[in-house]
Amino acid sequence: MTTDNTARAEPSFFEYKKHKGILAWILSTDHKRIGLLYLYSIMTFFIVGAILGLLMKLELIAPGKTIMEAKTYNGVFTLHGIIMIFLIVIPGLPAVFGNFMLPILIGAKDVAFPRLNLLSWYIYIFGAIVVLMSQFMSGGPPDTGWTFYAPYSFKTTTNMLPAVLGAFILGFSSILTGLNFIVTIHRMRAPGMTWLKMPLFPWALYGTAWIQLLATPIIGITLLMTVGERLFNIGFFDPALGGDPILYQHLFWIYSHPAVYVMILPAMGVISEILPTFAQKTIFGYKAIIFSTIAIAFVGYFVWGHHMFTSGMSGTALYVFSILTFLVAIPSGIKVFNWVSTIYKGSINLKTPFYWAVSFIFVFMIGGLTGLVLGALATNVHVHDTHFVVAHFHFIVFGGVGFAFMGAIHYWFPKMYGRMYDETWANMGWLIFFIGFLTLYLPMFYLGIAGMPRRYFDYLPQFHGGNIISSFGAIIMITGLLIIITNLVRSARMGPISTERNPWNGKTLEWTVESPPSLENFEEIPVIEKGPYEYE
Amino acid sequence: MDEHRDDIGSRFGMWLFIFTELLLFAGLFIVYSVYRYLNWQAFHLAAEELNTFIGALNTVLLLASSATIAMSITALQKKNKTLALALLGFTILVGLVFLVNKYFEWNLKIEHGLYPGSERLLEYGKGEVLFFGLYFFMTGLHALHIIVGVAFIGVVFFRIKNDRITHDNFVHLENAGLYWHLVDIIWIFLFPLFYLIT
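Just so you know, the protein sequences line up as chains E and H, in that order.
Going letter by letter, the first sequence gives residues 813 to 1348 in my numbering.
Going letter by letter, the second sequence gives residues 137 to 334 in my numbering.
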């Protein structure tokens, strides 16, 4: 490592252009450019998805029709779900920060298959276009919700076909990214980086990649069967032809439950990177975190039935799925203890990424503990398909992935752009977003317990109070979001130059390379002798 | 940037992809077993409608083509480019013959009114509807994999011809072989499930 922290030997990857203009981006196989391509596409879709969410909350601000018809509302929550799940949180952290940071964190020049990596992005964009086409074709927007439950998904006259096919294509992109990461991690770690010297974000990506690889094909084939159902009237899930709609639910959740861990594991990995840096302390229980990552990925395969407690299953199956669901809470709990112990007696540096990380722990705990309410059979029957469920998975998925994503982008911002964001605005954005988030989703727990079902554009008058608070929270949260995004976009273009290699005094490899990194990341591939977070 | 080459990594990637393909079909095998369990009598009767001879012929063809593609790898390793190309050409040809057989087989079924959504099939009953639904869906998806496999081998064929794949750099040929074996082995399972268990 050079003594001068800001010295550059090579030009940054931004300056390396084989082609001109936009072609420098869409033809580049550089993992950093691909990561940023994903970042920009995902951010664009996220704004659309967030606006749809806001529209729903505005509709629910008063009982009865407020701003849209029931049918429009069905279309809006379906599109909100499809965009948020398939276009944002599933690719989210792995595609953006996995692509950008994974090779650097393990001391490699690129991923194992750079061209396949670019192809994954093209497949992603193609899938997104197919999905969004469903909104503009003649039959009207799909209205089944993002789960495409049979038999309605092939009985409805709306444009299900592009939505389902698009989700299938997006699955392909996800599989290829996962495959690429597994081979990269196996084959391209720097000399001396044994498995137990690998940082925790790559570990999380490794667990995630296996889930992407092993679970996504199941939803692929299920969605293909739904396509066959609509096109050729095959009858796999149609009771009139001898098929079984419950079988669809099983196949759907065999993927879609592990997909929850595709979303949350990388988020946990990010938090495990941020906390040691801002506590200036070795992570507590490195091996326990790895173990819990693998355990979550493994047990996560066997809990899909808890989405179907009221669909019709044998009593034994119900008990088994319930107890397995409780088991997932153990490794998740281990992680929370590790994070909290990492901060304990640390020398805490109160910066924006740290705020995001600790608020992640807070919302993740609320989301996790309410998950246990849903995993228990008796309470599940009471709150099934109510706003309680909506609140729960927004705390986990949005609270988990969203907060970790925001933490990650602030944490790695100086590394990615060589500029620093405006800290005052970033902290203010975080605070407003956090307050808005809690105001938006906490009342939903109450509404769900009181009996307000999800996916209705209307409700009984006694739910009015909670809905007003919640809709008000949505407006606060969107305000916070606008502040954050504006600040980031502005800082990426004209923030103060920060070419310091290690602005946070981090210990992982990305802080030893230039900011922004050069095309090949490292002047020479480092030899690893120590664990990733050794501060002592 | 220097060209990065990692044959083990490349094969590893192919194996992982094969894993996902197997899981893709696994979903269908689950559906098959559930519906066979529920409608075993109808499945038994419907299976008798299928032509075991064409099925067996296609099985032999695919097994032979798997052997020739494996032999072409050895031929290339021994620097016998002409033989490697001939063996690959044979593999492609057999893949196409398989598709032609499949076409005639499907056509016959459709002429007899045995296809999803047909009126004749609806008269039969739910088990038959599901059997032929699965039959067309699974063999159709498999045929799609044959087409992809033939295209893959075709690309490899021309890359060998242009000396892009050579005796000391043949991982793409190996990967094409692995993929073709996958297509083969899926058929090995489809054949008894649809044609033999009657």
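The hints are simulated quantities; they were obtained by calculation from the structure and are not laboratory data.
Any given hint could turn out to be false.
[Claimed, not checked] No farther apart than 30 Å at their CA atoms in a straight line, the calculated lysine-lysine pairs in the DSBU-like style are these:
no.: 1; chain 1: H; residue 1: K262; chain 2: E; residue 2: K967
no.: 2; chain 1: H; residue 1: K245; chain 2: H; residue 2: K297
no.: 3; chain 1: H; residue 1: K245; chain 2: E; residue 2: K967
[Said to hold, decoys possible] Which chain E residues face chain H? A few, computed with CB under 7 Å, are given here:
no.: 4; residue: I987
no.: 5; residue: I1033
no.: 6; residue: V1039
no.: 7; residue: L1043
no.: 8; residue: P1057
no.: 9; residue: I1058
Ideal Cβ positions, reconstructed from N, Cα and C, are used throughout, including at glycine.
Consistency of the hints with the structure:
no.	hint	in the structure
1	K262/H / K967/E	19 Å, holds
2	K245/H / K297/H	40 Å, violated
3	K245/H / K967/E	27 Å, holds
4	I987	5 Å, holds
5	I1033	4 Å, holds
6	V1039	10 Å, violated
7	L1043	9 Å, violated
8	P1057	13 Å, violated
9	I1058	10 Å, violated
Comparing the model with each numbered hint stated earlier shows that hints 2, 6, 7, 8 and 9 do not hold.
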